[in-house]
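Engineer: Chain residues, written in single-letter form:
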Amino acid sequence: MSQDTVKRDRPWLMRTYSGHSSAKASNELYRMNLSKGQTGLSVAFDLPTQTGYDSDHPLARGEVGKVGVPIDHIGDMEALFDSIPLDQMNTSMTINATAPWLLALYVAVAERQGVDPAKLEGTTQNDVLKEYLSRGTYIFPPAPSVRLTTDLIAYTVENIPKWNPTNICSYHLQEAGATPTQELAYALSTAITILDAVRESGQIPPDRFAAVVGRISFFVNAGIRFVEETCKLRAFGAMWDKVARERYGVEDEKKRRFRYGVQVNSLGLTESQPENNVQRIVLEMLAVTLSKNARARAIQLPAWNEALGLPRPWDQQWALRMQQVLALETDLLEYGDLLDGSPVVEAKVRELIEGAEAEMARVAEQGGMVQAIESGYVKRELVKSHTRRMRDIESGDLKIVGVNCYRETAESPLTGGSDSGIMKVDVQAERDQINALQAFRAGRDQSAVDAALAKLRADAVDGSNIMPGSIACARAGVTTGEWSEVLREVFGEYRAPTGIDIAMAGQAGSEAMDQVRARVRKTSEELGRPLRLLIGKPGLDGHSNGAEQIAVKGRDAGFEIVYEGIRLTPSHIARAAQEEGVHLIGLSVLSGSHLELVEDIQAELARIGASDVPLIIGGIIPDDDAQQLLDHGVQAVFTPKDVDMNLIMANMVDIIRRDNGLEELA
Amino acid sequence: MPQPASSLDITGLAEAVCRGERAALARALNLLDDQRSHSREQASALLRQLEAQQPGDKGHLIGMTGPPGAGKSSLTAALISVWRQRGLRVGVLAVDPSSPISGGALLGDRLRMKTSADDDGVFIRSLACRGEFGGLSAEVWPMSLVMLAAFDIAMIETVGVGQREIDVSRICDTTCYVAQPGSGDSVQFLKAGILEVPHVLVVNKEDMGAVARRTLAELGTALSRGHADGNWEVPVLSASATSGTGIEALADTLAKHRSTLQLSQCLLTRRKRYRAQWILKRLQDEFGSHGIGQLGGEQAVLERLAQDNTSLFEGLQGLRQLLLGPALNKQI
Numbered sequence: 001m002s003q004d005t006v007k008r009d010r011p012w013l014m015r016t017y018s019g020h021s022s023a024k025a026s027n028e029l030y031r032m033n034l035s036k037g038q039t040g041l042s043v044a045f046d047l048p049t050q051t052g053y054d055s056d057h058p059l060a061r062g063e064v065g066k067v068g069v070p071i072d073h074i075g076d077m078e079a080l081f082d083s084i085p086l087d088q089m090n091t092s093m094t095i096n097a098t099a100p101w102l103l104a105l106y107v108a109v110a111e112r113q114g115v116d117p118a119k120l121e122g123t124t125q126n127d128v129l130k131e132y133l134s135r136g137t138y139i140f141p142p143a144p145s146v147r148l149t150t151d152l153i154a155y156t157v158e159n160i161p162k163w164n165p166t167n168i169c170s171y172h173l174q175e176a177g178a179t180p181t182q183e184l185a186y187a188l189s190t191a192i193t194i195l196d197a198v199r200e201s202g203q204i205p206p207d208r209f210a211a212v213v214g215r216i217s218f219f220v221n222a223g224i225r226f227v228e229e230t231c232k233l234r235a236f237g238a239m240w241d242k243v244a245r246e247r248y249g250v251e252d253e254k255k256r257r258f259r260y261g262v263q264v265n266s267l268g269l270t271e272s273q274p275e276n277n278v279q280r281i282v283l284e285m286l287a288v289t290l291s292k293n294a295r296a297r298a299i300q301l302p303a304w305n306e307a308l309g310l311p312r313p314w315d316q317q318w319a320l321r322m323q324q325v326l327a328l329e330t331d332l333l334e335y336g337d338l339l340d341g342s343p344v345v346e347a348k349v350r351e352l353i354e355g356a357e358a359e360m361a362r363v364a365e366q367g368g369m370v371q372a373i374e375s376g377y378v379k380r381e382l383v384k385s386h387t388r389r390m391r392d393i394e395s396g397d398l399k400i401v402g403v404n405c406y407r408e409t410a411e412s413p414l415t416g417g418s419d420s421g422i423m424k425v426d427v428q429a430e431r432d433q434i435n436a437l438q439a440f441r442a443g444r445d446q447s448a449v450d451a452a453l454a455k456l457r458a459d460a461v462d463g464s465n466i467m468p469g470s471i472a473c474a475r476a477g478v479t480t481g482e483w484s485e486v487l488r489e490v491f492g493e494y495r496a497p498t499g500i501d502i503a504m505a506g507q508a509g510s511e512a513m514d515q516v517r518a519r520v521r522k523t524s525e526e527l528g529r530p531l532r533l534l535i536g537k538p539g540l541d542g543h544s545n546g547a548e549q550i551a552v553k554g555r556d557a558g559f560e561i562v563y564e565g566i567r568l569t570p571s572h573i574a575r576a577a578q579e580e581g582v583h584l585i586g587l588s589v590l591s592g593s594h595l596e597l598v599e600d601i602q603a604e605l606a607r608i609g610a611s612d613v614p615l616i617i618g619g620i621i622p623d624d625d626a627q628q629l630l631d632h633g634v635q636a637v638f639t640p641k642d643v644d645m646n647l648i649m650a651n652m653v654d655i656i657r658r659d660n661g662l663e664e665l666a
Numbered sequence: 001m002p003q004p005a006s007s008l009d010i011t012g013l014a015e016a017v018c019r020g021e022r023a024a025l026a027r028a029l030n031l032l033d034d035q036r037s038h039s040r041e042q043a044s045a046l047l048r049q050l051e052a053q054q055p056g057d058k059g060h061l062i063g064m065t066g067p068p069g070a071g072k073s074s075l076t077a078a079l080i081s082v083w084r085q086r087g088l089r090v091g092v093l094a095v096d097p098s099s100p101i102s103g104g105a106l107l108g109d110r111l112r113m114k115t116s117a118d119d120d121g122v123f124i125r126s127l128a129c130r131g132e133f134g135g136l137s138a139e140v141w142p143m144s145l146v147m148l149a150a151f152d153i154a155m156i157e158t159v160g161v162g163q164r165e166i167d168v169s170r171i172c173d174t175t176c177y178v179a180q181p182g183s184g185d186s187v188q189f190l191k192a193g194i195l196e197v198p199h200v201l202v203v204n205k206e207d208m209g210a211v212a213r214r215t216l217a218e219l220g221t222a223l224s225r226g227h228a229d230g231n232w233e234v235p236v237l238s239a240s241a242t243s244g245t246g247i248e249a250l251a252d253t254l255a256k257h258r259s260t261l262q263l264s265q266c267l268l269t270r271r272k273r274y275r276a277q278w279i280l281k282r283l284q285d286e287f288g289s290h291g292i293g294q295l296g297g298e299q300a301v302l303e304r305l306a307q308d309n310t311s312l313f314e315g316l317q318g319l320r321q322l323l324l325g326p327a328l329n330k331q332i
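Taken in sequence, the protein lines are chains P and G.
Here our numbering is used: the first sequence runs in plain steps of one and ends on residue 666.
Here our numbering is used: the second sequence runs in plain steps of one and ends on residue 332.
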């Protein structure tokens, strides 16, 4: 069969999740990526932008431009899309708590480019509920968060009809440990909670409601068990069709379609022998492309070196090329659905649906996703699943090549270069961003800013849709921090349940664990009181798996654990360590700002007279930085390579013993 | 590195605690937690110093108890902000359950008591109850005395499942029970006589509406209002930590209970009685009723302790030595 007689399906949108340092640097990267054949943009914002702080806020220190691009105001947004006509672009923005604000900036930039906002195409992630369970970039309590989410949906359905106002995410649930069944159940329960809220808000007339359902899209994960993952996506399609039809009465089949984008699994990417991640990523991509009827609309792939640090342009290019090879070189797009009619697949799909429906019923019994999150139920279920996964890795029941089996390796030429195979963000970028922000503030019309913020506050209080006032703020030169601060004052802030208070059967058993417990007990006796460990997550990064697993394991080992969840300031952590009289502080930082945060915490400890407490840290920490931390008095640095939790526990006991002048244990 | 035992300046430490210095307070609490014999001696000396440097009726020791999920920590947080607005300084001991398997524990209450990291007027120490099921750890009361020396208000927050409510009421000036709307627990406890113990009852989550009002009504009618302590009618209040309602009134009521105690000159005698009971309980745990019998029975022990002006640990140690004989002077 010759190429030109075959009708091929149009490939999915190909994106790379990217952004760093500054709007200008990110704009250059985007234009380069587009020239390489990328067909859409996926904007990564830095943590201050995601959590509503200006770049010069004290909490933003060390985080500006690290995991994404800093956007403080319309000037930054304009620079980000310089020479990229917005009416010809499909832009996905991974933004949640501040989603209405970033969309407002996007609309205002379109206006400046002379583009009719009604023509804009793209996606705002705008799924705050999952942020309480994973990732952690929430700001407000659940009720006002749901209101902001629904305001954005209602606004775009009427004013920007091709916009995907929310991407209900199961992606981050899997990263937090969710099984396929849990992913299905919690993502669909979230979608129901949000759609119900839109309906109850009365902003959309009933005869237009099908349009709202039709605009809901999903953001899904695909792990290495790619057969089961394909089945999961088929299950998603069937379940969503049923929800749309039965719960919301949507007649139009097209509006009931399960539309999703995907980023394949990052949780399973390894720091050891990182080149193996390439084949993992490719297999995971198969999961979301193989079955035509359950194929992704947009795909972004992680880079092979994500577990090491930030990827370089070349690493991202490699990830894009994987997609292009599958879409353009293979014959995948020439066929109809390959799996239809397979009894094996059908049985698996049925099993997943049954499990997910049972779990959805449990959430519904509690009153819905908001209640099940507030009570800590969902988070606990996720922590349990993740704990099981970690135990299986530790015991070897779950095999990870290069991590718990076949660890022998020749030296890798990929990580040997002068940059150790990762991208280094220019430290000058943060200072430049702050200077530019302060100059911008000085140059704007303050009375226009004040008036826009007053209107925003009034809208927030009286329940008006938040978007028109936010767009007016964007035009007037309001900053990200100012927009967020007004809403913080109106709505208040929130701390989500940590989920670590789980009771799990079968924790007794392993010999290694018994040995650790004996060491903890002996050391506690010698020091006269139980060993106490403070686990701190400083900075704005909300990836809390590591902290949670150390907390659960530490408790099982006999430590008394103080853990207060994510996003704590250095002074909060230092004071908690002092007040709680802990023997050791364990920090977890995955955003790359470990050097600044450790420096700040050490300074705080010294200021309050508590610098005698030893400090350890875990996170994605490059070797050079690890050495620097050790040189500055940090007692140990753990990275994703350290999967043996018993060994970590034993190390912690040794550090406490050394710090207290006790002799070494055999 | 912790200070070597011998170099610890107990007088200086006590003075710093009384000044409310946080580093000193942390060290004092660590010391009281420490079971080693030389630390027990120092702890004993510290408590004696604190008693000497402070009037015996200083401050207000409040016990906050109730079933899991009733929102005690959130209510405590709300009270803390009211007290801070009134210029009062607050120390909290938050007691969490520990794991029966490993002895480990998750101390999570701080999370729900989020206060400003820059406020020197609040200090929270979490404690695991460390295997004493149904009861409070022996360390809790001595620690609360340190909190009282440093702060205007010291609060012990504990998950109450029957026995612990009674325990906490045996060391605090005022015991406050937080009821969960709509749960049968409160009525069950009422039947079991446990709700005879608290001085203040509060139904949290009044924002839940009808359910909360019903629980309030049930408690209001079922309770015999006069407290066994005499001179005090037990109020049943309604509040919501979430919406911030009823918190001022709760703070007022707690303060009123303390002033009632003080006016009737009960505060000091009650604290002395509790001290005697704490020592008695430690002796019972260690020597059983046989040991108490050797000392002439409970009443004799309590009377003897009423005359005793030494510190908590010294009082205990004195009686232990009587039982063990001087040759067996082991560590406590």
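It should be emphasised that the hints constitute simulated quantities derived from the structure, not laboratory data.
Any given hint could be a false lead.
Below, a list of computed lysine to any residue pairs in the SDA-like style, where the Cα atoms sit at most 25 Å apart [said to hold, decoys possible]: (1) P:Lys-522 / G:Ser-259; (2) P:Lys-399 / P:Glu-253; (3) P:Lys-641 / P:Gly-237; (4) P:Lys-522 / G:Asp-285; (5) P:Lys-292 / P:Arg-362; (6) P:Lys-641 / P:Leu-267; (7) G:Lys-281 / P:Arg-529; (8) P:Lys-522 / G:Arg-40; (9) P:Lys-522 / G:Arg-36; (10) P:Lys-384 / G:Val-159; (11) P:Lys-522 / G:Thr-242; (12) P:Lys-292 / P:Lys-522; (13) P:Lys-522 / G:Ser-137; (14) P:Lys-522 / G:Asp-34; (15) P:Lys-242 / P:Lys-255; (16) P:Lys-254 / P:Asp-337; (17) P:Lys-7 / P:Val-325; (18) P:Lys-348 / P:Arg-362; (19) P:Lys-292 / P:Ala-118; (20) P:Lys-522 / G:His-38; (21) P:Lys-522 / G:Ser-37; (22) P:Lys-348 / P:Ala-238; (23) G:Lys-281 / P:Gly-528; (24) P:Lys-119 / P:Asp-207; (25) P:Lys-242 / P:Glu-253; (26) P:Lys-455 / P:Pro-11; (27) G:Lys-58 / G:Leu-302; (28) P:Lys-522 / P:Arg-658; (29) P:Lys-522 / P:Asp-654; (30) G:Lys-272 / G:Ser-259; (31) P:Lys-162 / P:Ile-204; (32) G:Lys-272 / G:Thr-245.
Engineer: Confirm or reject each hint.
Structural biologist: Going down the list of hints, with the structure as the test:
no.: 1; hint: P:Lys-522 / G:Ser-259; in the structure: 47 Å, violated
no.: 2; hint: P:Lys-399 / P:Glu-253; in the structure: 42 Å, violated
no.: 3; hint: P:Lys-641 / P:Gly-237; in the structure: 36 Å, violated
no.: 4; hint: P:Lys-522 / G:Asp-285; in the structure: 24 Å, holds
no.: 5; hint: P:Lys-292 / P:Arg-362; in the structure: 32 Å, violated
no.: 6; hint: P:Lys-641 / P:Leu-267; in the structure: 13 Å, holds
no.: 7; hint: G:Lys-281 / P:Arg-529; in the structure: 21 Å, holds
no.: 8; hint: P:Lys-522 / G:Arg-40; in the structure: 19 Å, holds
no.: 9; hint: P:Lys-522 / G:Arg-36; in the structure: 13 Å, holds
no.: 10; hint: P:Lys-384 / G:Val-159; in the structure: 24 Å, holds
no.: 11; hint: P:Lys-522 / G:Thr-242; in the structure: 43 Å, violated
no.: 12; hint: P:Lys-292 / P:Lys-522; in the structure: 60 Å, violated
no.: 13; hint: P:Lys-522 / G:Ser-137; in the structure: 20 Å, holds
no.: 14; hint: P:Lys-522 / G:Asp-34; in the structure: 14 Å, holds
no.: 15; hint: P:Lys-242 / P:Lys-255; in the structure: 12 Å, holds
no.: 16; hint: P:Lys-254 / P:Asp-337; in the structure: 18 Å, holds
no.: 17; hint: P:Lys-7 / P:Val-325; in the structure: 18 Å, holds
no.: 18; hint: P:Lys-348 / P:Arg-362; in the structure: 22 Å, holds
no.: 19; hint: P:Lys-292 / P:Ala-118; in the structure: 31 Å, violated
no.: 20; hint: P:Lys-522 / G:His-38; in the structure: 18 Å, holds
no.: 21; hint: P:Lys-522 / G:Ser-37; in the structure: 16 Å, holds
no.: 22; hint: P:Lys-348 / P:Ala-238; in the structure: 13 Å, holds
no.: 23; hint: G:Lys-281 / P:Gly-528; in the structure: 22 Å, holds
no.: 24; hint: P:Lys-119 / P:Asp-207; in the structure: 23 Å, holds
no.: 25; hint: P:Lys-242 / P:Glu-253; in the structure: 11 Å, holds
no.: 26; hint: P:Lys-455 / P:Pro-11; in the structure: 44 Å, violated
no.: 27; hint: G:Lys-58 / G:Leu-302; in the structure: 23 Å, holds
no.: 28; hint: P:Lys-522 / P:Arg-658; in the structure: 14 Å, holds
no.: 29; hint: P:Lys-522 / P:Asp-654; in the structure: 12 Å, holds
no.: 30; hint: G:Lys-272 / G:Ser-259; in the structure: 17 Å, holds
no.: 31; hint: P:Lys-162 / P:Ile-204; in the structure: 16 Å, holds
no.: 32; hint: G:Lys-272 / G:Thr-245; in the structure: 36 Å, violated
Hint check: violations occur at hints 1, 2, 3, 5, 11, 12, 19, 26 and 32; the rest are consistent with the structure.
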